[in-house]
Amino acid sequence: MTTTHPAVDLDRLRDRARELRRAVLEMIAAAGSGHPGGSLSAADIVAALFFHELRHDPHRPDWPDRDRFILSKGHAAPVLYAALAACGYFDAGLLRTLRRLGSPLQGHPSVRDLPPVEASTGSLGQGLSVGVGEALAGRLDGRDYRVFVMLGDGECDEGQVWEAAMSAAHYGLINLVAIVDANGFQLDGPTDEIMDLGRLEEKWTAFGWDAVTIDGHDMAQVVRALAVPRPDWGASRAAGGAARGAVAGGAMSGAAAEAAGGAARPRAIIARTVKGKGVSFMEGNNEFHGRAPTAEELQRALAELAAGGAAR
Amino acid sequence: MTTTHPAVDLDRLRDRARELRRAVLEMIAAAGSGHPGGSLSAADIVAALFFHELRHDPHRPDWPDRDRFILSKGHAAPVLYAALAACGYFDAGLLRTLRRLGSPLQGHPSVRDLPPVEASTGSLGQGLSVGVGEALAGRLDGRDYRVFVMLGDGECDEGQVWEAAMSAAHYGLINLVAIVDANGFQLDGPTDEIMDLGRLEEKWTAFGWDAVTIDGHDMAQVVRALAVPRPDWGASRAAGGAARGAVAGGAMSGAAAEAAGGAARPRAIIARTVKGKGVSFMEGNNEFHGRAPTAEELQRALAELAAGGAAR
Amino acid sequence: MTRPLGLATREAYGLALAELGRERPEIVVLDGDLSKSTMTKYFAKEFPDRFFNMGIAEANMVGVAAGLARCGKVPFVSSFAAFLMCKGFDQMRVSVAYAGLNVKFVGSHGGISIGEDGVSQQSVEDVALARALPGFAVFVPADEHATRAVVRAAADHPGPCYVRVGRPKAPVVYPDGCDFRVGRAIQLRDGGDVTLVANGLMVAAALDAAEALAREGVEARVLDMASVKPLDEDALEAAARETGGIVVAEEHLLAGGLGSAVAMSVARRRPVPMGFVGLDDTYAESGRPEELMAKYGLTAERIAEEARRVLALAR
Amino acid sequence: MTRPLGLATREAYGLALAELGRERPEIVVLDGDLSKSTMTKYFAKEFPDRFFNMGIAEANMVGVAAGLARCGKVPFVSSFAAFLMCKGFDQMRVSVAYAGLNVKFVGSHGGISIGEDGVSQQSVEDVALARALPGFAVFVPADEHATRAVVRAAADHPGPCYVRVGRPKAPVVYPDGCDFRVGRAIQLRDGGDVTLVANGLMVAAALDAAEALAREGVEARVLDMASVKPLDEDALEAAARETGGIVVAEEHLLAGGLGSAVAMSVARRRPVPMGFVGLDDTYAESGRPEELMAKYGLTAERIAEEARRVLALAR
Ligand SMILES: Cc1ncc(C[n+]2csc(CCOP(=O)(O)OP(=O)(O)O)c2C)c(N)n1
Ligand SMILES: Cc1ncc(C[n+]2csc(CCOP(=O)(O)OP(=O)(O)O)c2C)c(N)n1
Ligand SMILES: [Mg+2]
Ligand SMILES: [Mg+2]
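Residue numbers (the working numbering), protein chains in the order written: chain A, 1 to 312; chain B, 1 to 312; chain C, 1 to 315; chain D, 1 to 315.
What the hints contain is simulated information worked out from the structure, not anything from laboratory work. A virtual CB, placed ideally from N, CA and C, is assigned to each residue, including glycine. All clues stand as given, with none of them false.
Estimated spans, in silico, between C-beta atoms of each pair: (1) D/His157 x A/Ala307: 52 to 62 Å; (2) B/Asp57 x C/Glu216: 55 to 65 Å; (3) D/His157 x C/Arg241: 36 to 46 Å; (4) B/Gly88 x C/Arg215: 50 to 60 Å; (5) D/Glu216 x C/Arg269: 15 to 25 Å.
All chains, full assembly: derive it from the sequences and hints.
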């Protein structure tokens with residue numbers, strides 16, 4: 001799989017991810033509540049999206065041709081806010097108002113309060129459906145944007161995710177990408193103890209997706225997996241008609257597409273991650289699923305990050 | 001796969017299925033509304049269950065050790081009512097009250113109105129969850145009953161089905177059997193046009209089930225597939241503990257169990273069927289998904305059935 | 001009086017939707033494998049590219065509609081009222097209402113007049129659920145003409161709506177067309193003794209009740225409250241002041257429906273004795289529509305009875 | 001008055017549930033990956049074989065509970081109130097309510113006092129939805145003592161129930177224990193000028209309002225309506241007759257909640273001026289619980305204000 005960006009500075013993206021992690025921790029500590037674990041596990045992927053893969057313009061959050069990013073696991077809002085601020089959608093000072101009365105930075109992402117947010121989430125299971133709708137709209141309007149949706153692994157318990165998955169395959173939404181932040185934990189404990197997801201990649205494949213499993217902290221793998229070609233609806237229309245998706249011209253390349261025999265399938269990325277990634281005492285420690293670090297813990301965490309710590 | 005019943009009279013079961021079909025048509029025609037298509041496609045399986053595989057006693061509908069049958073695709077109620085009447089749960093005369101004011105034979109099965117009904121259904125997608133609950137209760141109480149749940153293929157669009165599937169695998173419910181009446185149609189048309197189910201068997205396998213595909217009108221195949229061994233919780237407890245299902249002693253045998261490496265997985269039977277089976281002008285004619293035959297159509301249909309017609 | 005039967009309101013919906021489709025390219029339609037019953041089939045036939053059958057997966061359908069709306073489409077989303085509201089509720093709450101997106105939900109086969117299919121398909125709680133979605137408008141038209149007006153108003157209304165339509169042919173209440181306005185009661189008959197408020201099929205029943213009462217010398221005002229939300233509180237206050245008693249009738253559970261909305265408004269602004277006709281904490285069952293309406297007390301007779309009870313209290 | 005803070009009602013629920021688990025082997029508990037928050041964790045720890053974590057799949061959880069109940073178990077089913085009611089509603093409707101099965105649903109983090117997590121986690125419609133399930137009883141206890149009594153009553157009650165508990169520590173209203181009875185209001189204070197009806201956290205606010213009113217010479221009766229359904233219509237009729245005005249306060253949308261139930265009963269039996277304190281067709285937002293209660297008007301002050309308005313009308 002080749003990316004459309006000739007030269008990717010992976011180190012720059014790694015630095016960006018580290019900055020996101022720092023912002024996440026500071027903002028949650030300032031708020032006194034929030035979800036560090038799942039924000040940190042997602043940071044590398046979010047960095048790769050916002051600072052590399054997404055076509056977007058902070059001055060035009062409603063640009064019709066923008067690539068979309070939906071954070072279906074809405075409790076990881078801090079990492080989204082950190083990315084939006086770093087891109088210049090709003091002043092970074094706003095991050096300190098997270099979860100405060102009147103702040104646009106609601107506890108979970110809110111379209112109503114913060115327009116660059118693509119979907120209101122927080123009740124798990126809903127984001128992929130919204131993504132299907134945005135991807136359908138793109139096809140209907142013949143636009144070449146893509147829609148990226150990030151889900152939690154625990155979130156994949158929700159039946160709505162599989163309804164959405166089935167419908168995306170049915171409508172041949174090659175402009176839709178699902179990213180599962182597979183950090184192995186949900187709220188009450190490890191996913192395989194609470195509700196075993198079994199072979200997750202197989203599930204997505206069986207639901208008609210082009211599924212790959214990657215190391216969600218290996219920036220090269222992340223960047224490669226996210227490089228999903230833009231849809232060429234003209235070609236696909238010519239090849240298949242309107243009601244069902246079809247082959248996307250010659251735009252798809254690489255191993256995954258080959259394996260799929262060039263079929264017009266949406267892409268699922270199972271990103272194996274570490275919950276709390278980047279802070280030694282948060283890694284794999286599900287206590288930090290939903291609690292803020294104390295002042296002392298924050299200092300230790302920031303020091304680790306500054307030192308390059310576990311993040312690299 | 002061997003059945004626990006040494007000699008199965010397949011011809012008797014085929015006759016029983018034909019009788020169910022006759023009763024279905026008569027009852028729907030009398031009611032003036034109802035769903036013939038999906039009742040007919042399910043008739044062979046329902047016959048094999050009620051007249052062969054199920055351990056049940058019409059005089060004790062609340063027998064705690066009874067095998068359970070849940071008709072999740074509740075609109076096929078007529079075939080269930082026909083089987084219950086034929087088994088002696090109630091007088092066959094009651095069948096003519098189908099859908100009438102005050103009748104226990106509601107348009108969709110109702111526990112409240114007809115106690116031998118195992119679950120109130122009619123809103124698609126719910127029956128397998130109820131089955132998971134009954135199967136869990138069986139394990140909790142150390143009873144050796146089994147729970148059979150019949151779903152429509154269109155019904156598999158519902159996310160709740162996949163939530164239930166995931167949870168059944170998680171809890172190792174070897175006493176649970178899902179039967180998909182895969183007749184290729186849903187209400188608005190063929191399943192692959194309305195919402196493509198893709199490779200359905202693969203989906204169940206990916207969700208942790210021991211899945212097999214059979215011809216749902218080949219009585220020998222049906223009987224063989226339904227012969228799921230009774231759970232031996234003592235053995236499975238010894239082997240695996242309480243919280244998760246484990247190997248069911250030596251009770252499981254045959255190709256499927258072997259392929260599964262003896263794993264403690266619930267059984268899914270994808271039964272390829274013909275919607276409207278047994279009546280030439282209803283077969284594959286989705287007009288009869290949800291409309292009653294006219295008096296003239298009824299006569300033609302009954303004549304076909306009596307002649308052995310398309311049913312064999 | 002026997003009013004002539006017109007089209008079913010679902011049929012009128014389907015026709016109005018196809019008509020709107022011709023005028024407004026931004027309208028898209030989603031259905032949950034019931035397009036032959038909800039009558040979105042007319043739109044689907046004419047605009048196959050803008051019609052999406054989402055299969056039997058109502059929750060996903062609602063979310064997909066949210067995504068389409070986020071991209072500027074105006075989705076109309078249909079299924080049976082029971083499945084649409086009861087299975088899509090959390091998605092309406094978070095993906096649509098909280099996000100403030102412009103999605104129109106139209107539930108067909110509302111109420112118990114769907115008949116023989118029985119409880120699982122009968123929607124007796126859809127209005128309560130829709131009212132519990134902040135920002136949603138809620139409309140329940142009485143006949144084909146009202147439906148046409150309501151569907152157009154829904155399309156014009158900036159924001160999410162829920163519209164309930166029914167299965168059986170509906171008595172014609174507006175032979176000359178319906179001047180429906182969002183948030184406005186329609187007075188169908190004037191009277192000074194008592195007010196009958198209703199919507200959906202119960203409007204015709206209320207008119208019949210008013211005629212029966214007139215024969216007893218009681219002049220009943222009749223208000224069609226097709227606009228359940230926003231509610232015409234001024235019309236209600238005037239009715240309370242001028243007639244001194246109000247009866248509300250709906251093909252719905254009493255809990256959370258039109259009656260409860262009217263009761264709160266009247267109690268706050270101008271308390272008068274009230275009566276309520278609807279399902280009192282019960283589901284119905286299978287049966288012919290007319291049989292069910294009679295057995296469960298959704299009739300002109302029950303409305304008239306309640307009116308007499310209210311009149312006795314008011315005196 | 002500042003009432004001492006006691007346990008959160010969800011905490012009291014968790015403890016009462018574990019206690020019941022010791023007495024009744026037929027009780028099983030299901031949770032949707034929130035046992036650490038709903039406090040079913042106590043039961044889970046003590047009775048791991050009778051506890052089933054169903055993951056983040058509320059619809060399935062409700063159906064599984066129905067199956068367990070069909071086999072004689074008495075399932076208590078918990079999640080956040082918002083997810084439990086909004087995602088499990090159709091399953092409660094068909095698999096539980098229509099089937100008449102004995103399942104107990106306990107939604108935690110009810111209302112907006114959950115605070116910072118924001119709208120998606122705040123349940124402002126759970127009572128409206130639960131009331132729209134025929135045969136369901138609905139209870140909203142005010143403090144830890146009331147919760148203990150309500151949870152035991154729910155276990156004894158033959159049939160499905162919904163109980164709402166809250167996240168924050170709750171002011172103690174019943175220091176000497178609560179004599180809760182299904183279908184019975186609890187009079188916490190007598191008074192002849194106006195009646196304040198409330199449940200959940202709003203009971204303490206109503207008591208505070210009554211004290212403020214007393215300082216103005218107004219004697220307010222205070223009724224704890226922990227039993228929303230069945231509703232104590234006799235107590236309400238007496239209150240209407242004896243005090244001439246009623247204010248209802250709830251941490252919930254006005255649509256379909258306690259206020260609407262009280263309004264219908266009062267309008268039917270003894271119309272008097274009423275006032276309603278609750279969320280008027282709006283979600284809240286993120287913020288500290290006290291800030292939110294103040295900003296959205298769920299306060300003793302607002303209750304007292306409404307009481308004054310009602311008094312002015314009643315005179
Ligand atoms: C519908 C719903 N049910 C329950 C919750 C409560 N909840 C918040 S986070 C969480 C665990 C999520 O696990 P996962 O999706 O794996 O996210 P991550 O591990 O990345 O934090 C739960 C159960 C919710 N937000 N929505
Ligand atoms: C939740 C829900 N949505 C929609 C319906 C309406 N409906 C009744 S039958 C049917 C098609 C079912 O197709 P399938 O499951 O394949 O059943 P079969 O072909 O065996 O009749 C639909 C959509 C329903 N009963 N429940
Ligand atoms: Mg996780
Ligand atoms: Mg089918």
